[in-house]
Amino acid sequence: MWTAILLACALAFGLKALGYVVPAHWLEGQRTSRVTSALPVALLAALVAVQTVTDPSGSLVVDARLVAVAAACVALALRAPFLVVVVVAAVVAAGLRALGWG
Amino acid sequence: MTAIPPARRRQVLRQSLSVGVATGAYGVSFGALSVAAGLSVLQTQALSALLFSGGSQFAFVGLVAGGPSGAPAAIATSTLLGLRNGLYGLQVARMLHVRGLRRALAAHLTIDESTAVGVAQPEVRAGRLGFWATGIAVFVLWNLMTLAGALIGDALGDPRTYGLDAAAAAAFCGLLWPRLKSRDAFAIAAVAALVAVLLAPRAPAGVPVLVAALSALLAAVWPTAHRDPAPPHHWADESEETADTTDDDAARRRGGAP
Numbered sequence: 000m001w002t003a004i005l006l007a008c009a010l011a012f013g014l015k016a017l018g019y020v021v022p023a024h025w026l027e028g029q030r031t032s033r034v035t036s037a038l039p040v041a042l043l044a045a046l047v048a049v050q051t052v053t054d055p056s057g058s059l060v061v062d063a064r065l066v067a068v069a070a071a072c073v074a075l076a077l078r079a080p081f082l083v084v085v086v087v088a089a090v091v092a093a094g095l096r097a098l099g100w101g
Numbered sequence: 000m001t002a003i004p005p006a007r008r009r010q011v012l013r014q015s016l017s018v019g020v021a022t023g024a025y026g027v028s029f030g031a032l033s034v035a036a037g038l039s040v041l042q043t044q045a046l047s048a049l050l051f052s053g054g055s056q057f058a059f060v061g062l063v064a065g066g067p068s069g070a071p072a073a074i075a076t077s078t079l080l081g082l083r084n085g086l087y088g089l090q091v092a093r094m095l096h097v098r099g100l101r102r103a104l105a106a107h108l109t110i111d112e113s114t115a116v117g118v119a120q121p122e123v124r125a126g127r128l129g130f131w132a133t134g135i136a137v138f139v140l141w142n143l144m145t146l147a148g149a150l151i152g153d154a155l156g157d158p159r160t161y162g163l164d165a166a167a168a169a170a171f172c173g174l175l176w177p178r179l180k181s182r183d184a185f186a187i188a189a190v191a192a193l194v195a196v197l198l199a200p201r202a203p204a205g206v207p208v209l210v211a212a213l214s215a216l217l218a219a220v221w222p223t224a225h226r227d228p229a230p231p232h233h234w235a236d237e238s239e240e241t242a243d244t245t246d247d248d249a250a251r252r253r254g255g256a257p
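Order-wise, the sequence lines are chains A and B.
Numbering that gives the first Met the number 0 puts the first residue of the first sequence at 0, with every later residue one more than the last.
Numbering that gives the first Met the number 0 puts the first residue of the second sequence at 0, with every later residue one more than the last.
Hints were generated in silico from the structure; no laboratory data involved.
As the structure is a prediction and not an experimental result, all values here were calculated from the model.
Keep in mind that a hint or two might mislead.
No more than 20 angstroms apart at the CA atoms, straight line, and that leaves these computed lysine to any residue pairs for SDA-like [said to hold, decoys possible]: (1) B/K180 <-> B/W221; (2) B/K180 <-> A/R96; (3) B/K180 <-> A/V60; (4) B/K180 <-> A/A79; (5) B/K180 <-> A/P22; (6) B/K180 <-> A/A76; (7) B/K180 <-> B/L216; (8) B/K180 <-> A/V34; (9) B/K180 <-> B/A219; (10) B/K180 <-> A/L6; (11) B/K180 <-> B/V190; (12) B/K180 <-> B/L217; (13) B/K180 <-> A/A97; (14) B/K180 <-> A/L77.
Here chain B stands alone, though its shape is the one from the complex (with noise of 0.2 angstroms):
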């Protein structure tokens, strides 16, 4: 194996710093929305250290924002969206290679950027060094933006005067919206949508999210449904030299995607 050029690790380290900061930016919000929601800063900070997967982060706030009764279907809801890290896991492995407290490190920094980042790359060893670089500066930016969002909520008092109950709702829009790349997603969406509201008044907190995630199964009979626009991107039947042959494919899938 040879080394990366430098004009080719210059670039791919500049990739992984621009989704860094995209991404590591919106943590301001979700710090000020977990305050809102009742948590302490402490908590929240403990959040996007240890459970750091922004999707789940966001659902495990919105779900103990109406008090801890909240918490076994915040644990669900989060647990649920953190399934794709564990298939994104699987085609970053066969990427990596690591063992010991490397693969440790590296299956907590697997979450949808990174992921992206690294199987965009053409070539191994800079996927390889794409994904690090992007886990790395995301999880740094993520963090230090958590902990200043924390902070301007703490500041802040009542939550609903400055909109900040709008803009949780509107953070799973902004999460939801790349995923709509095809009309059976749009349909899922909208059957999920319809179930969760209509529960709402019969059923406990969370639990019409949780009820409303079976639409999913519509997926297994429907031929051809969607794809996730986030990662998949088949390592397993592809050499090294092949690879690159998807990179505009697994680039067009990716794109918008926060």
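Isolated chain A, as found in the complex (with noise of 0.2 angstroms):
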């Protein structure tokens, strides 16, 4: 696991230097850069869904999960700030389970 970690600081930090060093035109392509902030987006999305909606094993299952990321949608619509979308979604899915579901 540590060999994971410090794998991926370092190649963080590669990326961030490279800003610094490479010449500014490399990546100013117009299509370049339209792909280039696509990909959060594409990721976390995933990221959100697999979370939401998957198990261990990769199944699809619907549980407690589900219902707080909707609770923390409504809570994000309602501009609340980040720390209080992911301390709803954790009430919501503990609650939920303390009551015997998901």
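Assembling the complex is the task here: the two chains are given apart, and the hints tell you how they should meet.
Printed below as a string of structure tokens:
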């Protein structure tokens, strides 16, 4: 696990540093910048989906997490701060499980 | 070049500190989730100190939660999410003009928040101050709150009882939300989510997320595709005097980003 952590850290720093050393015009193409700005959207959406409706084996499951994430989205729509959104989701999921569901 | 007037200086520092406090606060959720995913307190702290990029850190611990077999996908996903920091570096480097050790330090502090505050300042000197002050404030508070979260998480026990697995999904939602400003972004997100869920039962952990990332390529063939709401700000074509015309625009695009 340490190897993975340090490798991820080294790669993250490498990318940050790269921005300071490569000539700017390398990445300034219209198309390149559209793809690179869309990348976080695609990755984060996929992570939300996988963490909300799949279990560790990859099977689809509907449990307390789906309700909790829906509650988090309502909080986001109401412009709640990040920490409130995360706590709302945890409380909803914990509450449903305490009641014996999900 | 003239020095920044004291009032303006205080204004920039206050802005930097408020961003630092707001961002640092959710370091507590990262700390707790990371320990819940099976990492030790020290490993959790290493991620906050050395990787230092919220989205990548959440992705990393989310994907190793299922066991060490998720490690390659965790590294790949966290690295892809970190790509944008390289793009921020391109913009910030032109504003900072730093060399050597200071350049390495600046690179390490190049994240959503420091870039956003830096490029939102109309004057270059205030921009530099904003970048450094925000970067340092976020780094210190993010690490302190990570430690607090990790220690709390360690004491809690089974993460599911406290809904921490749902909190992880909500954290990704919170990071995604401010980026869904256009219909195109929404469509790309929907395609990525669908691909990931359809692949999940058939592929090893982490792979569905990486394959789903390919839906970002839709943006290449989509002429009106969305632009990242976080910093893209064009230092390249602007002199220091005209940079303030895009200040409002940069601030608006930045709005709501955690």
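We went through each hint and held it up to the structure:
For the hint pairing B/K180 with B/W221, the CA-to-CA distance comes to about 16 angstroms; that is within 20 angstroms, so the pair holds. Note on B/K180 and A/R96: the hinted pairing is violated, with a Cα-Cα distance of about 34 angstroms set against a maximum of 20 angstroms. Under the criterion of a C-alpha separation no larger than 20 angstroms, the hint pairing B/K180 with A/V60 is inconsistent with the structure, at around 29 angstroms. About 17 angstroms separates the Cα atoms of B/K180 and A/A79, which keeps this hinted pair within 20 angstroms; it holds.
Taken as a hint, the B/K180 and A/P22 pair is broken in the structure, with Cα atoms around 30 angstroms apart against an allowance of 20 angstroms. Restraint check for B/K180 and A/A76: the C-alpha separation of about 12 angstroms stays at or below 20 angstroms, so the hint holds. At most 20 angstroms may separate the alpha-carbon atoms for a hinted pair to count; B/K180 and B/L216 meet this at roughly 18 angstroms. For the given pair, B/K180 sits about 16 angstroms from A/V34 by alpha-carbon distance, which is consistent with the 20 angstroms threshold.
For the proposed pair B/K180 and B/A219, the alpha carbon gap of about 18 angstroms is at most 20 angstroms, so the pair holds. Only pairs whose Cα atoms come within 20 angstroms are accepted, and B/K180 paired with A/L6 is rejected, the gap being roughly 33 angstroms. A distance of roughly 16 angstroms separates the Cα atoms of B/K180 and B/V190; the hinted pair therefore holds under the 20 angstroms criterion. For a cut-off of 20 angstroms, the pair hint linking B/K180 to B/L217 stands: about 17 angstroms separates their Cα positions.
For the hint pairing B/K180 with A/A97, the CA-to-CA distance comes to about 36 angstroms; that exceeds 20 angstroms, so the pair is violated. Distance check on the hinted pair: B/K180 and A/L77 sit about 15 angstroms apart at the alpha-carbon level, within 20 angstroms; holds.
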